Amino acid sequence: MEKRLMKGNEAIAEAAIRAGCRYFFGYPITPQNEIPEYMALHLPQYGGVFLQAESEVSAINMVYGAAGAGARVMTSSSSPGISLKMEGISYIAAAELPCVIVNMMRGGPGLGGIQPSQADYFQAVKGGGHGDYHMTVLAPASVQEAFDLTMEAFEIADYYRNPVMILGDGVIGQMMEGVVLREPVKLEELKEKEWATDGAVNREPNIINSLFLDAVKLEEHNLKLKAKYDLMREREARAELYKMDDAEYAVVAYGTSARISRSAVDEARKKGIRVGLIRPVSLFPFPEKIIRSTIAKTRTYLVVEMSLGQMIEDLKLALNGKRPVCFYGRTGGILPLVDEILESIELMRRGEGIEADCCLS
Amino acid sequence: MKLTAAYPESLTGKEFHYCPGCTHGLIHRLIAEVIDELEIREKTIGVAPVGCAVLAYEYFNLDMQEASHGRAPAVATGIKRVHPDRVVFTYQGDGDLASIGTAEIIHAANRGEKISVFFINNAVYGMTGGQMAPTTLTGQRTTTSPLGRSVESSGYPLKISELLSILEGSVFIARVSVHNPAHIMKAKRAVKTSFQYQLDGKGFSLVEFLSTCPTNWGMKPVEALRFAGEEMTKYFPPGTYKEVE
Ligand SMILES: Cc1ncc(C[n+]2csc(CCOP(=O)(O)OP(=O)(O)O)c2C)c(N)n1
Ligand code: SF4
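If you read the sequences in order, they're chains A and B. End of the first sequence = 362 in the numbering used here, gap-free, step of one. End of the second sequence = 682 in the numbering used here, gap-free, step of one.
Among the hints, a few may not be true.
[What the hints assert, rightly or not] Which bits of chain B does chain A cover? Going by a derived footprint, with three or more residues having C-beta under 8 Å, they are:
1. 475 to 482
2. 531 to 537
[Said to hold, decoys possible] The calculated BS3-like cross-link candidates involving lysine-lysine, where the alpha carbons are at most 25 Å apart (straight line), are:
3. Lys218/A with Lys194/A
4. Lys625/B with Lys596/B
5. Lys194/A with Lys671/B
6. Lys227/A with Lys317/A
7. Lys629/B with Lys657/B
8. Lys639/B with Lys596/B
9. Lys272/A with Lys290/A
10. Lys480/B with Lys192/A
11. Lys218/A with Lys451/B
Quick caveat, the hints were computed from the structure, so don't treat them as lab data. Values in this document were obtained by computation on a predicted structure and should not be read as measured data. Even glycine gets a Cβ: it sits at the ideal position worked out from N, Cα and C.
Starting from the given sequences, assemble the full structure and let the hints guide the process.
Structure (structure tokens):
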């Protein structure tokens with residue numbers, strides 16, 4: 002197997018190409034520019050199309066058209082650009098079009114900053130655009146995982162006919178690590194999309210649409226979407242458990258904050274604290290069952306995020322009041338430090354900071 | 438015997454929901470007839486707008502995509518880039534194309550995107566109940582310009598055909614009217630030319646139709662045709678604005 006030293010953004014772009022993505026529409030924004038740049042250079046070599054759109058709004062609508070035409074297609078952006086894509090993502094989810102969307106989150110709100118952040122969690126997992134829908138959301142914590150999850154994202158998108166978001170941040174995008182590259186999929190082996198608009202030859206016309214003027218029909222449609230989300234909850238929820246076998250305490254974190262938390266867990270273990278790490282890999286569906294399976298041994302949970310506390314809400318819903326939850330977060334582009342998380346773990350063990358749900362920040 | 442008139446295969450036969458005297462239906466029919474005549478039904482993909490023609494995907498007997506408001510040219514771009522050998526068109530009103538979707542239409546034209554755009558200029562927002570459009574004539578009363586459109590506050594009616602014809606990516610731009618049979622025949626020829634340019638792989642083309650909205654203009658159908666033919670054409674002169682060899 003081929004191994005290469007790559008930036009997270011490049012790994013995502015290479016993974017997309019190997020997953021059979023031949024169309025990319027995007028608009029420049031830091032810190033994800035290596036993705037469109039990689040696509041601009043490499044896609045034409047595969048007979049694909051890279052197009053720099055006039056805006057994120059246009060880019061996501063080009064994705065809609067290309068996905069509806071049956072192609073594997075991707076776009077990428079960062080927080081302010083993702084906000085602009087939200088209308089299109091709502092239409093894509095409603096029209097049941099498969100595609101992959103990368104968000105390399107930066108600090109917000111507003112124009113915010115360009116440093117890494119996890120403040121778009123709500124937007125990613127709760128819908129983000131208007132209406133009753135969800136994207137599937139995957140959160141890599143290493144360059145290898147960014148590569149693997151992107152390749153898988155195309156499979157998940159096609160299987161469920163749903164947009165899949167790769168939710169990373171500036172650290173994941175910019176960091177360089179060795180990546181084992183999986184073999185490319187064979188395009189001719191991909192399942193045919195008999196619903197796609199590619200010309201109505203010897204069949205009834207195919208229609209890509211999200212309009213249901215009849216409320217009864219729209220409710221039916223939304224229930225059909227819900228059935229897909231329920232199936233995802235059943236089959237796609239995943240989390241990595243680290244040192245959780247005997248853990249009395251658990252840190253819950255995803256992506257970059259999980260990497261840092263892992264070191265804090267190791268430090269705490271050296272001090273004799275029985276603490277582990279739960280790292281959600283799928284954020285929608287949220288790995289509720291996996292988390293609930295830890296309740297028997299774990300007394301208290303500490304959520305660490307690069308935001309003022311968003312995933313904490315899903316953790317609380319998963320625990321349903323059965324265990325106390327505390328929180329440590331940095332925001333605006335500041336990374337939490339190992340020592341700070343360690344301090345929060347110690348506070349958690351002393352039973353402090355729990356009432357306020359916030360140890361430090 | 439030569440068949441001179443038949444229901445086009447490129448229409449589903451579903452009854453149009455358009456108001457009496459509205460020319461949306463007539464324009465659908467022209468497009469469908471041309472698609473039949475060029476024998477491209479099985480390779481044509483249409484993109485419907487948000488506006489009164491939002492249900493166009495139920496009327497055209499073709500593969501269709503329904504776009505969000507104003508984004509049809511971006512959606513068409515996505516389709517055409519995946520299937521460069523197919524024929525792709527958008528059908529858009531003036532709120533859709535000339536207001537919320539100006540970025541998409543200008544850039545699709547400027548890229549020379551090989552699509553055909555059918556632009557229905559009825560000088561109002563039909564579907565939402567007759568509000569002012571970017572194409573509303575100066576002095577024209579609408580629900581959001583109750584005293585008549587004022588240049589002072591709303592600027593000038595937007596001339597899309599003139600604007601797009603100066604872009605290097607456009608190859609065929611024409612404005613047509615459908616207020617009488619002679620003009621209808623000219624309009625149909627423009628539709629055909631537009632598709633022909635696309636079939637020849639040449640570039641972006643657009644046909645602007647001066648269309649009626651008797652309901653929101655507060656006119657009887659015949660009056661509305663007269664208004665389109667006599668009043669709208671003064672500010673929006675029909676003609677071929679661009680035709681690249
Ligand atoms: C994002 C968004 N904004 C506003 C609307 C409401 N809306 C529906 S149709 C329309 C205008 C349609 O006017 P036009 O494009 O001129 O087409 P017509 O109905 O006259 O054929 C508007 C503003 C919408 N559906 N989506
Ligand atoms: S409201 Fe106007 S544009 Fe819409 S169908 Fe009626 S007449 Fe036609």
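**Request:** Hint by hint, work out which the structure violates, then give me just those numbers in ascending order.
**Result:** 2, 5, 7, 9
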